[in-house]
Each structure stands twice: as C-alpha cells, then as structure tokens.
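Protein sequences appear in the order of chains A and B.
The first sequence maps to residues 1 to 312 in my numbering.
The second sequence maps to residues 1 to 332 in my numbering.
One or more of the hints may lead you astray.
[Stated by the list, open to error] Below, computed lysine-lysine pairings styled on BS3-like, alpha-carbon distance capped at 30 Å:
#1 B:LYS272 / B:LYS148
#2 A:LYS131 / B:LYS207
#3 A:LYS131 / B:LYS148
#4 B:LYS151 / A:LYS131
#5 B:LYS151 / B:LYS269
#6 B:LYS123 / B:LYS145
#7 A:LYS245 / A:LYS131
#8 B:LYS207 / B:LYS317
#9 A:LYS131 / B:LYS296
[Said to hold, decoys possible] Derived Cβ-Cβ restraints for the label pairs, each shown as a range:
#10 A:ALA2 / B:ALA301: 51 to 61 Å
#11 B:ASP159 / A:LYS171: 37 to 47 Å
#12 A:LEU64 / B:LYS311: 48 to 58 Å
#13 A:LEU137 / B:LYS317: 28 to 38 Å
These aren't lab readings, by the way, just hints derived from the structure by calculation.
Glycine is no exception: its CB is placed at the ideal position from the N, C-alpha and C atoms.
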Amino acid sequence: MAMLNSLGFILGTTLMYATPLLFTSLGGVMSENSGVVNIGLEGMMTFGAFAAATVGYFSGNPWLGFLAGGLASGFLGFLHALACVTFAANQVVSGIAINFLGPGLALFLSRKFFDGATMTYNLPIEMKMPKYFNNMLPEGTFVRQVLNQDISVFMAFTLVLLIWFLLYRTKLGLRIRAVGEHPKAADTLGVNVSRIRYLCVILSGVFAGFGGASMSLAVASNFFQTLISGQGFIALAAMIFGKWKPHGAMVACLIFGCAQAMTIFIGGTGLRVPQEFLSMAPYILTLVILMGFVGRAVAPASDGIPYIKDES
Amino acid sequence: MIRKTGVLLLAVMLLAPFAGPAFAKDMKAAMVTDVGGINDQSFNQSAWAGMERVRDELGIEVVYMESNQEADYAPNLETLYDQENDLIWGIGFMMGDKVREAAEINPEQKYACIDMFYQDPPKNLVGVNFKEQECAFLVGYIAGKMSKVNKVGFVGGMDFDVIHRFHYGFMAGVKTANPECEVLVQYAGAFDDVTKGKSIANQMYQKGADIVFHAAGFTGTGVIEAAKENNRYAIGVDMDQNFLAPDNVITSAVKRVDNGIFNVTRDLKEGKFAGGGNVVYGLAEGGVDIAPTSDKHVPKAILDEVALLKKDVISGKVKVPANKTEYEEVFK
C-alpha cells in the first residue's frame, strides 16, 4: 500500500512538472519544423504567464486568462516571425532579444497594473484552472493521486496528439515539414514559405504562452519574477532531445518531470543524500538517459536558415 | 567681475563649515533593495515600510535604489555614497559582502546590512539580524497544538543558518506543545521553485501531515498552493501570508525587518550607532512575532498559551534552539 502511494505520488508529480514544459516544447516543435529556430521560448513563456495571471485576475475567468496568455505570447511570436521571416534576421539573435523583451515587458506592465508590485495578485482557488477529476475520484486512491490534475495537464497531452496528427497526417503538416527541410523546393511547388513560417512561429508563441499560463494559473496562482526561471530553456532542450518530434518532446518532458518527482520523493525518505546532489539529479539523469537511449538528433535541414526568395 | 564673484564664492565655501548649527543639514538615510525590487510584497517592501516610519516619526529624509541584478549592488551603494547620506542600508545577506567592501573603502560613511552577521566589522558598519527561531518556535507550538494527527511538516528553502533557525525553532515549538508529534522535514534547495515547493508539500500532505510550515521564499508559495488544493493548513513566513490563502494559512512567523531598520536608524539619530558589531532582534525587541491574523483560525485558548510562552522566551526562562546542536541538547 505504501509502495502504491509512493508510485502514485511520483506519477502525479511527474505529470504536474511535465505540463508547462510540454506546452512550450510543442511550441518549439512547431517553429523549428518550419525552419525557424526559436530560443525565445523562455521569454514568450514568461510573458504568457504574466498575461494569463493578469487577465485571469481581472476577469475572474481562468479560461480567458489562459487564452490571453496564448495570445500575448503569440504577439511575441509574431515579432520573432517579423524579424526572422520578413527581414531574414539572425534567428538566434532575435530569440535572445525576445528573452529580454518578454520578462522586461511583464515586469513593466505588472508595475503598471498592480500598484508598482513586480508580482500579480493572488488568485483564489475558484479562479484557477479547474481540476475536474477532483470530486469524481475516490479520496486516497492510487488513481486519484495520479489523475487529480489541473485541466491544463490533460490539454497538454491532447495537444501532443493534435500536433502529431497535424504534422504527419495532414497536407498542411507536410507543407510545414517541407518548408523546414527544403524551402526552395517547397516554394517551386507553389507553397508560400513565409506564410507557413509566420503561422508556425506565431503558433509556437501561443503554445509557449499556454505553458506559461499553466504555471501561473494552475501550478501557482500568480505571476512573479522568478516563476518561469529557465523552464523555457529546458523545454527547448526537451524538444531537441525529442528529435524535433511532438511525441519525442513528450517523452523528454516526462523523463525530466519524473526525475524531478524522484528527487522530491527521495528527499522525503530517510535517505541521507546531500541536497546539492538531489538538486542536480534531474538534470544529470535526463542527460544520461537521453545520451544512452536517444540516437543522433537531426534537426530539420533548413532549421535556422532564413529563406530569401530568389527573384532572378 | 568674474574674479570678484569667484573670490566671494570661495570665501563662502571656506566659511560654510564654520557657519555652525544654523546651516546643519537634515539627516538622510538611504537603502539599496535586493533584486526583488521595492514592491516585492516581502522583504524589501517591509524594509521600505521601516524607512517610511523613519521619515514620518524621526523626520529623516529617506531614499531607496532598486537593484535589478546582483551586479547593481556595488554601483547603487556608490551612488548613495556620493549623495552624502548619513546611513546607507543594504537589504539582504546577498549584498552583505558588497556593503562591507564599501564600508572599508569609505570609513567615514556609516553602513548597515540586514540579515548579515559580520565577523569583526569595521567601526562604520553594523549587521542587523533576527532571532527567527523565536517566531518559528511560537508557530511550531501552534502547529503542535493544532495537529489532529500528530504529524506536521517543515519545508526549508536552502540549507544555511537563517533557515536552520526557522527549522529548529519550529521543531522545538512542536515538541514543546506535543512531544508525540512527528515533524517531516524537507529542503527544496531553492527559493524560487514553486513547483518543487508544491510537490514537497503535496507529498507531506499525502503522508498525512495536516499542517506545513515553510521558510522558503517563493518556493513557499507552492506550499501554500498545495494547502489550498489539499484543503489542509499551512503556516507562512517573513510577513503575514494569510492573504495568499485566507482559509488555509493559520499563522505566519513574521520577521519585522521594518522594526530593525527603524531601531538602528533611531539609534543613529540618538548618537548610539552600534557600528563595529552586530545587533540581533528577537521577540523582546519586536524584531519577530506571529502574524496578527492568527486569531482567525487558532483557538483563543492556544493563543493565550502562546502569549505566556512569549513572555517566557523574552524573560529567558525558555531558551529556543537556533541550530541542530542546540536542539539536540534540549530534545532527546
């Protein structure tokens, strides 16, 4: 029974940890499959988290907040697309700029809206993302420990399925991948390369914003300066480890979440492991597993290369 | 003409220092915030509240400078030095070393730093510390009395002295109230990881604990989040955190940074600046306390016992352990 309880805790915590990463990682998958490197995920996630918490607070509706988080980051995605697609700028530089812009904008606006505070006001529990299974599952059981999650958790995993279907089973998906692999060939066949890239980069912002929103509206209940602190970069790494595929990113996020859950579990047992090692463990474990079990990761062939239409 | 004015100006400048009290400028005090900023609803904000009291009650002019990153500490201290303040405050142990450096370079300028215990500080520097163990002891007592299952939890931020004072003070309080009560302890290793704070508290609640105390900064907001979602109790830290979850935060171990700032600045005005050493504020000096909202959830009978306990701590009848060694001397 104690075993089952521990297992329930570890699985449940894994899901909670993986969700914000997963949303953001899927954003990376979208952008990079169309050939635009997006290291601005961190900044987008931060700004999304802020927008979600703010709109959630003032409207009292978590769903509006969640949507606002996506839209706000989608706007940053649009800026990234503007720089990278229209002006063929260096995509890494633009991404870094977004990583400065996102948190900066969030703090600036937070001071405007919340009487000079760099954190948004706390949401009461009924204004957070709902937990639909809270009352349906019997108290204290294994199933409840695992599945008593915020609705955003289930949304993230549904999104994996949707994006997988979009990329590998639809015409649009084929075009996205073609643009990422060989934009010139796609262009010759009449695919509008910049339109596809715009779509994907904006969507990548929207998903990163959802990731941020799932932090500020579900895991926590407000936005503050260090809420995201690095998760966007971990999501980026998860996407690369997942070989630029939605299901790969999912596995990577789950491994990372599981490693985190394990450290918390071990820290709660009587084992005398130094805190520093426990804090390091998720990163090391993730590296080891991914080095050992994931083969060579190959990016889409034209990832990171601006496409300039040859007019001659 | 120009030369005449010049001579006159020079004369005024030379004579000014001898002009005496008629020209004495008002006292000025300034503070440099930690990276949280002035409105962090925590540490820095509390410090500024103290400065505002200094302004209103002592008539001292006050200003602050915000640090956006650690690299800003030194330049901010430098700027305030140039503005000729009578006292410059550093808020938080993170800038403790920078404040000391500044104090050593400018021996005529007075400095003070919150949460920093200096070894042999220069004459113009004072470290201001709090007896966190005493407020933790009181909230521990409340937890020990209120736990229905004889199991409570403590979530620490990082593993160092200030947090140890909270940790062992709390343990002592729990055991004083109820020797049978078990205390689950876990450190998060971070002050800014909400997810981790929430997971750790979730685990403690799943193991049956019904009250969890945190001394973990923003990581602790995760603990309070877990209390909300599991419908259990939590105890806040540093400030009255009841507003984060009015139904779940039963009390908080409050650290009155504002009182620390006020007392030291007042002492300076009265010519009693404690430079070259450290001051430590506990229950007796109003440096720490339990939250004023405690009466919302804690029964009056328990609060009365806490009030008695408080007297005993102040009188020295009860000595609260501040670290593991001291704790183990008293308990088991």
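Hints, one by one, checked against the model:
1. Only pairs whose Cα atoms come within 30 Å are accepted, and LYS272 of chain B paired with LYS148 of chain B is rejected, the gap being roughly 49 Å.
2. Taking the CA atoms of LYS131 of chain A and LYS207 of chain B, the gap is about 21 Å. The hint holds against a cut of 30 Å.
3. Only pairs whose Cα atoms come within 30 Å are accepted, and LYS131 of chain A paired with LYS148 of chain B is accepted, the gap being roughly 27 Å.
4. Taking the CA atoms of LYS151 of chain B and LYS131 of chain A, the gap is near 27 Å; set against the 30 Å cutoff, the hint holds.
5. Distance check on the hinted pair: LYS151 of chain B and LYS269 of chain B sit about 48 Å apart at the alpha-carbon level, beyond 30 Å; violated.
6. Simply put, LYS123 of chain B and LYS145 of chain B have alpha-carbon atoms about 46 Å apart, too far for the 30 Å limit, and the pair is violated.
7. At most 30 Å may separate the alpha-carbon atoms for a hinted pair to count; LYS245 of chain A and LYS131 of chain A meet this at roughly 29 Å.
8. As the CA atoms of LYS207 of chain B and LYS317 of chain B are separated by approximately 35 Å, the hinted pair breaks the 30 Å bound.
9. For the hint pairing LYS131 of chain A with LYS296 of chain B, the CA-to-CA distance comes to about 28 Å; that is within 30 Å, so the pair holds.
10. Under the hint 51 to 61 Å, the C-beta atoms of ALA2 of chain A and ALA301 of chain B, about 36 Å apart, miss the expected range.
11. ASP159 of chain B and LYS171 of chain A have their C-beta atoms about 56 Å apart, which leaves the hinted 37 to 47 Å range violated.
12. Checking the proposed 48 to 58 Å range against LEU64 of chain A and LYS311 of chain B shows it holds: the Cβ atoms sit about 52 Å from each other.
13. For LEU137 of chain A paired with LYS317 of chain B, a C-beta distance near 51 Å fails the hint of 28 to 38 Å.
Comparing the model with each numbered hint stated earlier shows that hints 1, 5, 6, 8, 10, 11, 13 do not hold.
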